[in-house]
Structure formats: structure tokens, C-alpha cells
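Protein chains in written order, with the working numbering: chain R, 1 to 448; chain V, 1001 to 1132; chain X, 2001 to 2487.
No wet-lab data here; the hints were simulated from the structure. Accuracy of the hints is not assured; some may be wrong.
[As the list claims (entries may be wrong)] Lysine-lysine pairs mimicking DSS-like chemistry, simulated, CA-CA at most 27 Å apart:
(1) R/304 x X/2002
(2) R/289 x X/2478
(3) R/289 x V/1049
(4) R/154 x X/2161
(5) X/2164 x V/1053
(6) R/10 x X/2434
(7) V/1050 x R/289
(8) X/2305 x R/62
(9) R/153 x X/2161
(10) R/181 x V/1049
(11) V/1049 x R/285
(12) X/2042 x R/230
(13) R/153 x X/2164
(14) X/2164 x R/289
(15) X/2388 x V/1129
(16) X/2459 x X/2387
(17) X/2478 x R/285
(18) X/2037 x R/188
(19) X/2164 x R/154
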Amino acid sequence: MVRFIPNTGKQREEMLDFLGISSEEELFSDIPPSLLLQKPLDLPPARAESEVLAQLKAMSSKNAHAGEKVCFLGAGIYDHYIPAAVNHIALRQEFYTSYTPYQPELSQGTLQAIFEYQTMICELTGMDVSNASMYDGASAMAEAALMAGAATKKSRVLVSRAVHPETRRVLETYLPLQGLKLVEFGLKNGVSDIDDLASKMDDDTAAVLVQNPNFLGSLEDLAAVGDLAKTRKAMFIVSANPVALSILEPPASFGADIVVGEGQALGNPMNFGGPGFGFFAVTEKYMRKIPGRVVGKTVDRDGKTCYVLTLQAREQHIRREKATSNICSNQNLCVLMATVYLSLMGKKGLQEVAEQSMQKAHFARELLLSSGGFRPLSDAPFFNEFALLSEKPVAAINRVLLENGFIGGYDLSRDFPEFPGGWLVAVTEKRTREEIERFADCTRRVEA
Amino acid sequence: MANVLEGLLYTETHEWVKLEGSKARVGVTDFAQHAMGDVVYVELPEVGKKVSKGDDLCVVESVKGANEVYAPLSGEVAEVNSALEDSPELVNSDAYGSWLVVLEISDPSEANQLMGWEAYKKFLAETEKKEG
Amino acid sequence: MKRLEPVIFETSVPGRTGYSLPALDVPHVPAESLLPKEMLRKTAASLPEASEVDVVRHFTRLSQLNFALDEGFYPLGSCTMKYNPKMNEDAARFPGFAQAHPLQGEEVSQGALQLMYELAEMLAEITGMAGVSLQPAAGAHGELAGIMIIRAYHHSRGDSKRTKMLVPDTAHGTNPASSALAGYQVVEVKSDARGNVDLEALKEAMTDEVAGIMLTNPNTLGLFEENIAEMAEIVHSRGGLLYYDGANFNAILGKVRPGDMGFDVIHLNLHKSFSTPHGGGGPGSGPVGVAKDLLPFLPVPVISKRNDRYVFDCDRPLSIGKIRSFYGNFAVLVRAYAYILSMGADGLREAAHNAVLNANYLASRLKGSFLLPYDRTCKHEFVLSGKKQHDEKGVSTLDMAKALMDHGFHPPTIYFPLVVEEAMMIEPTETEGKETLDAFAEAMLAIAKEAEENPDSVKTAPHSTIVARLDETAAARKPVLRWRPAE
Chain R
1 MVRFIPNTGK QREEMLDFLG ISSEEELFSD IPPSLLLQKP LDLPPARAES
51 EVLAQLKAMS SKNAHAGEKV CFLGAGIYDH YIPAAVNHIA LRQEFYTSYT
101 PYQPELSQGT LQAIFEYQTM ICELTGMDVS NASMYDGASA MAEAALMAGA
151 ATKKSRVLVS RAVHPETRRV LETYLPLQGL KLVEFGLKNG VSDIDDLASK
201 MDDDTAAVLV QNPNFLGSLE DLAAVGDLAK TRKAMFIVSA NPVALSILEP
251 PASFGADIVV GEGQALGNPM NFGGPGFGFF AVTEKYMRKI PGRVVGKTVD
301 RDGKTCYVLT LQAREQHIRR EKATSNICSN QNLCVLMATV YLSLMGKKGL
351 QEVAEQSMQK AHFARELLLS SGGFRPLSDA PFFNEFALLS EKPVAAINRV
401 LLENGFIGGY DLSRDFPEFP GGWLVAVTEK RTREEIERFA DCTRRVEA
Chain V
1001 MANVLEGLLY TETHEWVKLE GSKARVGVTD FAQHAMGDVV YVELPEVGKK
1051 VSKGDDLCVV ESVKGANEVY APLSGEVAEV NSALEDSPEL VNSDAYGSWL
1101 VVLEISDPSE ANQLMGWEAY KKFLAETEKK EG
Chain X
2001 MKRLEPVIFE TSVPGRTGYS LPALDVPHVP AESLLPKEML RKTAASLPEA
2051 SEVDVVRHFT RLSQLNFALD EGFYPLGSCT MKYNPKMNED AARFPGFAQA
2101 HPLQGEEVSQ GALQLMYELA EMLAEITGMA GVSLQPAAGA HGELAGIMII
2151 RAYHHSRGDS KRTKMLVPDT AHGTNPASSA LAGYQVVEVK SDARGNVDLE
2201 ALKEAMTDEV AGIMLTNPNT LGLFEENIAE MAEIVHSRGG LLYYDGANFN
2251 AILGKVRPGD MGFDVIHLNL HKSFSTPHGG GGPGSGPVGV AKDLLPFLPV
2301 PVISKRNDRY VFDCDRPLSI GKIRSFYGNF AVLVRAYAYI LSMGADGLRE
2351 AAHNAVLNAN YLASRLKGSF LLPYDRTCKH EFVLSGKKQH DEKGVSTLDM
2401 AKALMDHGFH PPTIYFPLVV EEAMMIEPTE TEGKETLDAF AEAMLAIAKE
2451 AEENPDSVKT APHSTIVARL DETAAARKPV LRWRPAE
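Chain R extracted, bound-state conformation (with noise of 0.2 Å):
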């Protein structure tokens, strides 16, 4: 027996007498007889509750986590606070239990908490609409380009070399689907290439697409890019970071068209990379050109206010092949716990952890190039990560790091080779003074 299952053996007897057949096994008749599988599967036998948490426990214990090493690693995934109520509300099972907000008078609790994650995004933004989530911060990029290219009717997307090198290869997937041509511009001083984009941009550019902060931490000049690409009629695409959005101005003031990012620093844990939820919100002017699901209020019968999908015309359950995405689900309950998130941090509770961070950031790159064994690779204004150049090779360095208990920085060589010894550390509020010190220290311990 099964525990998942509850019809006992009678009961199943009592369905087939009520059918009036006598093996289950004639339910399977219609399957062509050759095909049935002649033996069980080759798996592991079944096991018990206690015997496959043991096993999983025992899996998870050979991975290093933030939970016992002190992380300095960040490139789009970070280890911020998330404060215990965030998990308790999202193990509440009417939430993820539940399916797709589709009946609405069943679906009350998940609609209006999308609304509000909505109105969230759109403060934080500074955009008029958002939708409900899309799978990642890179896909929602990726969609947000073809969106682009659709209601723009060109075909280049132009995007900075200084974008998530994760989500540049995603948007090398997309892209070539609806024909749209990926032109990468350039960095210089550890920024977009302002002259080099300018000489890229045609008036075939259908969108011109930066991060911000971007990859390397620094903090990009959002007003050039977005001039730029109105005068080429292009759109403005930002990726941003959530958290910094509570210090920063928020894209919306530079023109951006659309503003995506991952969304995961808002109460989620790292998950090994997913899942987290990508954020994208536009201005009004595109409201029915978004991808995804969107929340709406209306009223029902009765004159109560409630909240109900809407704008559906352009999902894919309705429109088939000429839907504005194929995308079906959003990261709901991600969601909900970044909305659970921002409003238990709210309006000062966001800021100071995005000010923390910052002030941590910038007294650990201090520390660490007065240690003497880094240069800068940017002298550009950044949040709370930034890029070094190490004399000694990095990879000993993130070593001697885990041995004295540290998850070390991202070893930008593997994406950049144009910065050989390239080191990307992010400091969150979650790291101390004291961790940062010792952080420092151990890179001194380094053989070159």
C-alpha cells in the first residue's frame, strides 16, 4: 500500500464490479499490447518516509551552503536575510497547494496577493504595469527582447557585454527564433561602452539592452543609454536588481520601456539557482503586449471589490499561436514570498538592507585593495558588488576561502577572458565586520 493512495483493495473491487469488468488491467486494453512494458521499471525500491529524508539529508550535506559558510558570492544570486514569518506564510498550504488562480471565486487569497506583488513592482520600478512573474530574471529579458522586436517591427537587439553572461546566452537561444539579430557592445572601465553602442545603433535596433547594476557591479549611466535609444527609436530594456532599486532612481525616470531582473534577493532562498521568479514591467503604452498572466481588480455581483486574471486575450489558452508568449505559469508562490518579503521590510526595512549592503560593499573593497594583492577593475560607481583584478590566481584564492569556511567571489575569467585574475565579490547586510576582516585576511594568506 501506497500512502498517497487511499482506495483499499475492496474498494477497488467494488469499482470494477460497478464497471463490470474484472481486472484492472482491462482499463489498459486500448494501449497496443506490444507496447505495454513486459517488466517493472528499473528503480529503486520504494522506501520510507525516514529512509529517503536520511537519504536526502545525507545528499545535501555534501554541498557547501550559506547556512554554515560565510558567502561572498553573489553574480545575480544573493544571500540576503530572509526574516521566518517569509517561509511560514509560503508552507501555508492554501497557498501552495492550490492551483492557478482561474476560478476566481475560489482564488481570492492569490489574486489579491499578486495584485499587491504587482503594485510592489511597479513602485519599485517606477513602471505602470507588471505581470505576475515570468521563470527567471534571464528569460524574462529574453521575452521582454522579443516583445521588442514585435512591436517594433526591427530586427537587431542590442545588449552590453555587461549583462548576466547567464542571460546573454539565453537571449542566444531566443533571439534567433523570431529572427531578431543579438550585437553585443562594449565595456569600457567596467561600464557600458557609450561611444560603442552609439556607433552599433541603426535605425533597425529594435531595443538596446543594459543590467543595472550590471554584471561587474558597477553602476551603469542609465540616462546616455536611454537617450540613445530614443533618438533610434529603440526600445529601452534595464535589467535591475530589486534590492538596489530601494536607493536607486528607479529605471522608469531614464525612459526605460521595460524593466525586467531576477527577483530571488526578495525573501527567496538561493535554491541552488532556482527557482526564483524574474520581474518585468513595462509602461502603460505596452500593457497588452506583456507577456504572462496579470492580475486585475473588478467587482463581483454583489459590488465587492476582488481581483480576477485579466487581459487573457493575449495567453496562450486563448489565443493558441498567436499569443503574445507561450508562457503559462508564473513563479506564483515565489512570489508570494517576495511580496510577504517587501512588505514585512517595507518602505525602510528595503532601503537599509540595500544601504547595508552597500556600506559593507564598500568597506570590504577598502579592505581588500589595501590588502595589496588586488587592483580595481572599475573605478565606476557601484552597489554591493564589485570586480577586482588579483595578482594571484583566483581559483587559489576561493580555496584557501572554503578551507577557512568562506564561499569566495565569481571567477570572472570564465565569462570575461579579457580580465584574467577578474574577482567578483558581493557583500550583503547579512555579512559583519568581523567576517569581512577575516574574509581580507585569508586572501593575504594566498600563495602566489
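Fit chains V and X to the given chain R structure using the hints.
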């Protein structure tokens, strides 16, 4: 039985056409608006868009779905009814008063292929019988 | 007593906080000296100001406005709302999984890589495919990856004339949408009177311009495509490939495998067949599996095993590339892995048996009162039509779906598939016992009777939910998509 207006031309995909010299005013019929249900949005084409007879002209969205409106004649979009952007419900309340676009037509002879009002009425009666 | 809850912004009180952070322990430098003034935010984002108590109560109250699987029967067709084992939630939260960083390195992520490697191997065995990538984040994402693999395969052979994808008229909306996104022209193939794909129509449509066909088997009528072997032969003989949409895989777990049926590319929905929670609409996971000849095209990275170590294999020149960041929805993978370990081969087969038995039993109990357009042995789900009630009494399927809410059940999937008028698509899954099925059948029969005797009461349902029917027209005409303070 859906309302059919005298003096207009019709397509089998339920667009109506009113010829005005070298121009053609185009909308969806009463039958179409009824079949679509509550219209929530009309996605109008850009002025200057060139279409051939039968091409996608614009989209009328209802709660139930998105409905393509096909160009009844070839030509270029000369005008769009932007009043529908804010008041899409006009398509429901006055299908023949709520034109969608005006086309500058390129081949007036194509109009001969459209149905007159009596032919369309007959066409509707047959359609309804079939779906009966 | 349940009541509606104001949005959290409305109950916000200036000065309240729901967080605590340690005091800053490094020297504070004014932000203005760290960043250029024009980059600093001028107006703070209007996030709520609430205490932890306020926030917890708010979201707890919101949660109580949902109907969920742990509360009762949720027979959504093609959604496989099976029970989500609690153990899975605990396992996914082990710090070694939840707090691992995706870029921390292979050497210190061996547990995570092992889990992904073994899960992929198990899914390959369960589906009869040669290899599986766990990267797609959802079913539709898996479809996109799968279609791209088909495209890459044809192109690698210098065959670029195939510009069309066949999709049956019973297909999920994601099938044509994914095909179109991948650049294919969608050609619909009709079904025959038994609810199978029409073989003659398939033969006619299957030209040398067709890249492949996307099939769900059992299809969305809940019926096994009886001619699958012939279909595979028709498609393969003309150079096309067969794509398997795994939405309905629960029906045939351990009974028959897509690989053995002749499918070349598949996707699975771990949030359907493998018990991971739907979460109100995600996150899901949509692994994609392929036959041997298509292995080189899988998304990168592929997890490989070399000398007892697990590694990311990125050096795959024919790969379609990356379709999302990192490796997939890893925490969802942990849950599916835990589920398969607890079920074993026999347990998965038992699941299919009970899912199919439950569906046939329920169909049989209901077919006297509702039309059953395709009356033959079904698999995990069946599709009723409310046409009789609609034509005779003016009671629509939507009305009856809403009436089910008053009986304490979630409605089935409605108005899908499109080939059945007034469709009600009912999937009970194996995690419901006979008592639940009987109670649901009684409710459906009571509604049929009510439609007969007192149609107006059904037409105005639901009567007991927190809100009555909503004005969806107003929502779409003048969209209000975010909260704003009252003027």
C-alpha cells in the same frame, strides 16, 4: 436573428463595408458582436498599413477571446476609429455605427465579390440552420 | 468566519516596521559620497509599513480565501492535482539544498549534482528516453526546448525546408504557442469520431515541409491514441519527429513509455505527474527528454558522471544553448526525487492504476446525467459535455462549475478541449479514495437535477463563496492592475 443593415456590403467572416468613393469604411456586423460577447478592447492598425483582401486587419478582443478582423478589400488604412480605444463597448451597442477603419481601396473591382445585404441575410440564416 | 481583506497598502501605518536588522558595524559613509546624486532615488518606493503581526495576519487571512488541494477534491482535467507529500517540503528546505549557491563550484556541490544526475536517469528510465535535461522551468518551457531540439536536429542534417509543426485540434494552447514562438507555422490536425487523431488527416498533412507533430497521449479527451504505432510510422517515414507533451503522463506511469511508443522528444511536468506543488501557478518544472540521436542537442549544461564525480558538461557544440539561468528549478527537482524514491516502480504503477480506475468509475457514475461524447475506456481523465443542460434549460457548463463550489468542490477544467461543446474535463487522480469520488458524483447529480428543476439557482451560483461571480468584462475594459492611494 441578428440585425443586417441595408445598403452595406458584407463578408462571410462577418465584416461590413460601406463604400465611399475610393474609400471603404469597415466594421464588424451585429452577428459578429453578438457571437464575440462583451468587447473589451479593439487593437487598431496603424494608419498607412497596407493590406490585401483577406489579410489580418485588426483584432477585436472580448472576454472570451481575441477575434481577427480580416480586410474585406485590398488597400491602405487611411483612418482608424480611435474612439473605440476608450469605449470598446460601442462595438456591442452599435455595431454598424462603430466603424473600425477606413481603407483607401486599391482594387474597386474586388467589391463585386462581397455580399449585398440580402445575400448576407440569407447567409446568416443558413449559418444558423447549420449550427442549429 | 472568512471575510475579504483590504490590500496591505490600505492598512499601512507610517512608522510601523516588520523587520529587524543588526546595527551597521562598519563606518557609515553618506550615500551621496558613494554614488552620484542623479543615481540616488528621489522619492521612496511606497512599500507598506506594517508590523510582523500585521503582515502575518494579512497573508494568513488571504490564504483563507483560497480553496486548496489539502482542503478538498480538485479535479482539474489535465492538471493532475495529486496530493503533495509533506516530506517533499522538508527535504527541499534542507540548508544544503535551499542555501546552496549555483556558482559555488562543482566540487562543493556534489550532492546537488548527484541528485540532478540521478533524477534525470530515473526520468529517462520512466519515459524510455536516452537522456533528460532538467533545465526547463515549466511545461511550456519544456515544450519550447523540445521544439528547438527538433529544429536543431533537422538543421544539423541540412534539412531546412521543414517550416510546419502539426498539432491536433485537442492540443493544449501551449502547443501551438510554443511552436509559433520557435518559428514554426502551426497546422492543425483533426480528430476522428473515436477521439483519436484522424489517420487520414495526418497522412495528408504530413508532408516533407513538416518538422514533427506534438501529441499528448493520453490526449486531452483522456483517451489513449490507439493508433500511436501507425502514427509514429507515418511521421517517421516522412522524416518528421514525434513530440510528447507529458501533461497526461500520470495515466501511464509504469505501464507504457513514450520512448517505446516512438516518441523522439518529450517533456514532463514534475508538478503534475511527480507530486510537486502547483503553488497557485508555479514554480513548476518541465524536464525535456530525448531519444539517442537527439542527445547532442540538449540544453547546456548537461550533468555527467566522470570517475565517480559529477560535473557540468558545457562543451556540447550542437546544443540548443541555455533556456534559463543556471540549471533549472532545483528545489522542485528535490521534491520530485523524494517522491520517486518513496513510490518506487510498483508505487508509480499503482498510481497509474488508481488514477485510471478512479476516472473510469467517476465517468461511469456521471454519464447517465451528462453527455459523454466519447464513451469508451478512458485513462486518467474524461470529458463530459454540458450541452444537454445548456440546450434544454439554458444552464451552461460555467454555471454548473460554479454550482460545484457550493458543494465544497473545486470545479473541473471547463471549455477545454475545444472539440467538445460545453466541456467539463474531470481528472480525479489516484490520491482520492472512492468515498470522495462518490461524494463528488452525488454533488454533480444534484446539480444536474437542480438544473432540471430550478435552473435559475444554478445560473446564479455560487451562493456560498466569499465573492459572487465577478465582472470580468469591466476588469478587461478598464484594467486596474495595481493599487493606488485614493485621490
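Go through the numbered hints given earlier and state which of them the structure violates, listing their numbers in rising order. Violated hints: none at all, because every hint is consistent with the structure.
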